[in-house]
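All chains, please: the whole structure from these sequences, using the hints.
In case it helps, this note's numbering puts the sequence shown at residues 1 to 72.
If you're looking for bench data, these hints aren't it; they were derived computationally from the structure.
If you're wondering where the values come from, they're calculated on a predicted model, not measured in any experiment.
One or more hints might be untrue.
[Said to hold, decoys possible] Simulated crosslink set (DMTMM-like; lysine to aspartate or glutamate; CA at most 20 Å straight-line):
1) K26 <-> D9
2) K26 <-> D56
3) K26 <-> E13
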Amino acid sequence: SGVYNGTSDLQLERLSVYFNEASGNKYVPRAVLVDLEPGTMDAVRAGPFGQLFRPDNFVFGQSGAGNNWAKG
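What follows is the structure in structure tokens.
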């Protein structure tokens with residue numbers, strides 16, 4: 001839900017290391033999610049924590065890297 005439920009002033013003070021505070025005292029993870037295919041990102045969005053992330057922090061390509069082997 002993005003709401004801090006703790007009682008520690010120290011934890012509350014350090015939340016800004018990993019989270020940005022949004023409106024309504026909700027916290028959004030400071031993260032960029034990157035993958036080469038959109039299916040993985042869709043799975044994250046559909047999961048229990050998907051609504052915590054900002055939509056513009058998802059970066060993905062249109063084709064995966066499956067069967068991509070280095071030559072040499």
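Hints, one by one, checked against the model:
Of the supplied pair hints, the one linking K26 and D9 holds, its CA atoms being roughly 16 Å apart against a limit of 20 Å. Distance check on the hinted pair: K26 and D56 sit about 17 Å apart at the alpha-carbon level, within 20 Å; holds. Proposed proximity of K26 and E13 is supported: the alpha carbons are some 14 Å apart, at most 20 Å.
Of the numbered hints stated above, none is contradicted by the structure.
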